[in-house]
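Colleague: Position chain B relative to chain A; hints supplied.
Keeping their order, the protein sequence lines are chains A and B.
Under our numbering, the first sequence has 325 at position 275, and the numbering climbs by one with no breaks.
Under our numbering, the second sequence has 269 at position 219, and the numbering climbs by one with no breaks.
Derived by calculation from the structure, the hints in this document are not laboratory data.
One or more hints might be untrue.
Copies of one chain are not kept apart here, so a pair can be met inside one copy or by any two copies together.
In silico BS3-like pairs for lysine-lysine, Cα to Cα no more than 27 angstroms straight-line [said to hold, decoys possible]:
#1 308 x 133
#2 118 x 182
#3 239 x 255
#4 304 x 322
#5 99 x 230
#6 95 x 350
#7 168 x 99
#8 237 x 175
#9 230 x 350
#10 175 x 238
All values reported here derive from a predicted model rather than from experimental measurement.
2 protein chains.
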Amino acid sequence: MKNYILLNENAIYYECGFSCDNAIFLKLGNESFFITDARYTIEAKEYAKNSIVIESSDFISDTQELLKKSKIKKIVFDPNDFKLAFYQKLTNNLKINFVPKENFSKLKRIIKSDEEIKLLKKAAKIGKEGFKELAKYIRKNGFEENENFLHFKAIEKMSNTGNYDLSFDPIVAINENAAKPHALPTKKKLKLNDLLLVDAGVKYKRYCSDRTCTSHVDFEKFSFKREQKFKNKKHQKIYDLVYKAQLTAINKAKVGMKASVIDKIARDVIEKAGYGKYFVHSTGHGVGLDIHEFPNINSKSDVIIENNMVFTVEPGIYLPNEFGVRIEDTIVMKNDKAIIL
Amino acid sequence: MKNYILLNENAIYYECGFSCDNAIFLKLGNESFFITDARYTIEAKEYAKNSIVIESSDFISDTQELLKKSKIKKIVFDPNDFKLAFYQKLTNNLKINFVPKENFSKLKRIIKSDEEIKLLKKAAKIGKEGFKELAKYIRKNGFEENENFLHFKAIEKMSNTGNYDLSFDPIVAINENAAKPHALPTKKKLKLNDLLLVDAGVKYKRYCSDRTCTSHVDFEKFSFKREQKFKNKKHQKIYDLVYKAQLTAINKAKVGMKASVIDKIARDVIEKAGYGKYFVHSTGHGVGLDIHEFPNINSKSDVIIENNMVFTVEPGIYLPNEFGVRIEDTIVMKNDKAIIL
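The shape of chain A in the complex, shown without the other chains:
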């Protein structure tokens, strides 16, 4: 792939170590161009490696100009990143073949470098600190606070009061609300012996962490640790089952396996116990600059697992109108095995 055009912020960052919310990256043979507006050119010139920075107030015509000058005949692009209106304006009157390749940047990024893994580890560490601080807050002040408020506190603690960006909007859900995999916070209040699910992550130098904890609510001993003692026996049973599914998948994941096999290992544990139909999503997804990358860990994924892949293992059981349990860690494949980051 000698020639390609990128619009996605993380795809651009991966190429040159800099990005911003209004840029086009062009790779034309050996030359790279970073096209942006006047707000970002100073920083782009300083940080965008090996790239010629073009200040532009008309991205379409400046990009067309560069493409024409380059004399290339074809160029790769990701049709998921291009709005139709933009694509039509850009390709209008150009005699260049635009070759669609869906997810081609994410596919490039499926194996992480050691440097990237260091950043992902650091993000995971900061994320764990955030969970600890949130647990401390809940022990002190969580009683009778509602999900909206706790959701806000999750943002505060995970971001270290604004010092880190979050990987995504956290999920904070109590009991039956946790039965929705993508629950939005409500006015429901936290009470003794509730079940609380928190799914949250932070970014360190743009690399994401991702972790989900499901916990028993006890205002003296509340924690996000993996060992949880629930008052409610059904909570405990489902929790233990999800935890077993997760540990089994992590322990058995090996380099050379198909991703679908890891999904099957987790799913089998839950299916054998009779809860298969309540595990309504895939077992995991890659994590990197984007919170959702490759490999997908689902029943259809033929990707062969390799060292330096980073992905989540996050089985869950969702009992509608009762409660839900999800346990998620992000792992890296190292020395042929899965290690929790």
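Modeller: Showing chain B alone in chain A's frame:
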């Protein structure tokens, strides 16, 4: 426009009073269809007015099916809301003419109903309360706090600790950082006699508020009121000039004017004082379900101003490496005049 297809969340909400992050809305003659996945169908059936809710695990083929059955020959869509990959899959093998109309939902929404204006007023009121609470915090605890932290506190106070969604990520910028119209927060600390710019808004029932205040920093008397006394004379001079530009534009804005005339009124005040080249953006933008709607208030906008239009008036002067001032209010055109919400 008898037939149209919508993907944008706010465009869909405007049609039927409900929306979610994964839906397609189809208007086919007299019938409306709300296509979504299993997570949202219960709420869609309850809240999506006059719409037939279709639960779908394959949006493309279910939408194609509905289109084929309807026997329509053409359908309007907004090419800015369609990714190329999605558009190509959806239109593949369909004998229906997809007619592109950029911004056609936003154009429909340019004149607000009285009901919408009530919601926008309420959003503005909640936003002002947020600014007041933030000012109170700064008086008590702002000294030597950095922009990252104050940015987080702006989110906390504007959202009423998680009770309201924000219209956008707030801008919190001190002195030379305020010279960037879209400044990101840094570790720069707030000190006595600094200039602080805060641009923030909240949503009430999905309708946005938008306001920018520039203030003199005094830890006893700090406020976001429009009357500001700066220690630094240049701060004061530029502030007074921007404020004059804003008030002149608001006072002179009349129904029947072109939007570009309002832009010119504000710009003339600043140009006459010799700072025209430092007013680097347009004078305003419409506000509604989206934070940026029509009418645009810029030098090229031929839109005729009408009653019940809602837009910002926000001139600014940005002196690179020194400081920036922007003063923004959202106004509604009522009885032929502009009233601050």
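Colleague: Work down the list of hints and note, for each, if the structure agrees.
Modeller: Each hint, compared with the structure:
no.	hint	verdict
1	308 x 133	neither (33 angstroms within a copy, 30 angstroms between copies)
2	118 x 182	neither (55 angstroms within a copy, 54 angstroms between copies)
3	239 x 255	between (35 angstroms within a copy, 22 angstroms between copies)
4	304 x 322	within (22 angstroms within a copy, 71 angstroms between copies)
5	99 x 230	between (43 angstroms within a copy, 24 angstroms between copies)
6	95 x 350	neither (43 angstroms within a copy, 31 angstroms between copies)
7	168 x 99	within (20 angstroms within a copy, 50 angstroms between copies)
8	237 x 175	between (31 angstroms within a copy, 22 angstroms between copies)
9	230 x 350	within (23 angstroms within a copy, 47 angstroms between copies)
10	175 x 238	between (30 angstroms within a copy, 26 angstroms between copies)
The structure does not agree with the numbered hints 1, 2, 6 stated previously, though it agrees with the rest.
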